[in-house]
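Here is what each chain is made of, one letter per residue.
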Amino acid sequence: MASIKILLDKCTGCTLCVKACPFGAIHMADRKAVIDMTKCTLCGACAAACKFSAIEMEKAAGPKKDLSAYKDVWVFCEQKQGVIQSISFELLGEGRKLADKLGVKLCAVLLGSGMEDAAEILGERGADKVYLGDHPALKAYQDDPYTSVMVKLVEEFKPEIILCGASTIGRSLISRVAIKTSAGLTADCTGLDIDTKERLLLQTRPAFGGNIMATIIAPGHRPQMATVRHKVMKEAPLTPGRKAEIVSKAFPEEVFASRTRLVEVVAEVTATVNLSEADIIVAGGRGLGSKENFALLEELAKVLGGAVGASRSAVDADWIPYSHQVGQTGKTVCPKLYIACGISGQIQHLIGMQSSKIIVAINKDPDAPIFKVATYGIVGDVNELVPALTKEFRKALNK
Amino acid sequence: MNIIVCIKQVPNTTDVRIDPVTNTLIRDGVESVINPFDAYAIEEAVRLKERLGGKVTVLTMGPPQAENALKEAIGLGCDEAVLVSDRKFAGSDTWATSYTLACAIKKLEDFDVILCGKQASDGDTAQVGPGISAHLDIPQVTYVKKISEINDKLAIVERMTEEGYDVVETPLPCLFTVVKEINTPRMPSLKGMMRAKAAKITKWTAADLDAEPSLLGLDGSPTRVVKIFTPEPRKGGEMISGSSSEVAKELAELLKGEVV
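Protein chains in written order, with the working numbering: chain Z, 1 to 399; chain X, 400 to 659.
No wet-lab data here; the hints were simulated from the structure. Hints are supplied without guarantee of correctness; some may be wrong.
What the hints assert, rightly or not - Chain Z regions said to be covered by chain X (calculated; three or more residues, Cβ under 8 Å):
1. 143-157
2. 172-181
3. 185-196
4. 256-262
5. 276-282
6. 376-390
By construction, the Cβ of each residue, glycine as well, lies at the ideal position given by its N, Cα and C atoms.
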């Protein structure tokens, strides 16, 4: 069984570990760290924070797997209605860098029906090879056939890394694939790198409730799997005419069996632009005062070509549907521009939008916490400022 | 209908404050609550039971104090509660957590539906629900915003997507992860609170589960943390003042590069 201990001869009593422990499980006694084992969860934060290698974590060595057969970086490329989603290009951009560092191929995995022509674009976006699973059962995403095909591909071709979008499809699929292939999986990575010596994927993500970053590895397991949110990585550049080798894989019919059945795909008309894909988001909160005032935001969003977001209190007041909610119990977004109108900036909201590139905050309360994260802050009445902004941008953009 | 709800006890983020010096979370005095997304799973389970009869069993893996979250769930209408708790589970990542929960579910009686929140508010991975269904090898539908039809053989549900929703039909037993849109959770009733107080919680350790020891806790977790650091806090920038039209003009100028 796994264990943790303080090496007393190395511990200097510096208290770094006390601060690092997310569970308040470490205190100092006689200037040495002491771990309260009833509180410790073996999360490893203290060992990672210790500068003196004074915290030793022991893990029972599992059966040693031969990892040398695993190579190449794979990107799961999501398609909807035959259209490859832009998150795939972002992952190919990041995957290219990782593959180059490892000196291996970048491969795209594309599952669908009648996707052969569409697959060409993946070569132009940097893939060296495309594994194509083409079958009517793969036309639209269903958990069973997608999982089975991915697992078969992993078992046969043995990638060392798989990247996947942190989308509804990606998160549902890759979680199952990771279990079936006994792989390590890290969600929502904001940074990826390679330890070239150990050939390890270094996966950095927010952890322990938000504003601590953790770098996570999966030694001893292959493939190493990570999901990445939309807009976090830069799209791979397009090289027209660049060709990837297309590997079409056929499988026995039972691999495509699905217990669930897709009855209907419904697109909701209220969403002008998909919130997580939007480059610009105009979001409103309680400060707007009424449902009618949300129309002002819609107008500004329309002029900017952006989407409308909302805080929880605006959604709870029934001013706008839940699908627009940004924040902890809604969506996490990172657009290029986030305009927060009448949003005070509670931590639950900030969690969902603070990685936006530029944040503009408009609020009548000069002490509103939103100003602490805003690139540009304006103290004033949103219902006056938003129409003024709409007018200015309309002029500037000739709309 | 036998329903299992998997929940997690998490720190209440409404209490969370940030230490201005170290930029880390201040955990002292932060109360533990049921993961907000799991509240919708509990409510949906109780509604299904009220409509179709049967039993709701609430399950969690966690430290001994996670018992409080289970009691709260009983107060909200769940019938039975199981706490899976052991030092041997410490260090579990999502792989080992879903394995442990799946082992506990196998020990329970036959079930028709497993409900989970779409993700936990402290880890945000959304991996444990699908992980449980993969370990149990049952179908799943994630991000469910409505259970439109359900009988003892199958269910028709709406699954939220980025663009709208999918209508999916699934045989039972099946695992659903649910989103906020699915319902409005009730407040605990006085009767419920009394039931919660008197409730007996079933407690299982690793020895009670038919689990492979090497797949539990840190030993069974493929991933581990190697480094932690605190990112520079985002700093507030420039305040712009003036009349509405002046401010709008200045802002339009500043953002010109971003909005083309």
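Hints versus structure:
1. 143-157: Per the Cβ count (3), the hint holds.
2. 172-181: holds (count 6)
3. 185-196: holds (count 4)
4. 256-262: holds (count 4)
5. 276-282: This one holds; 3 residues, not fewer than the three required, reach chain X with a Cβ under 8 Å.
6. 376-390: holds (count 10)
The structure meets every hint from the earlier list without exception.
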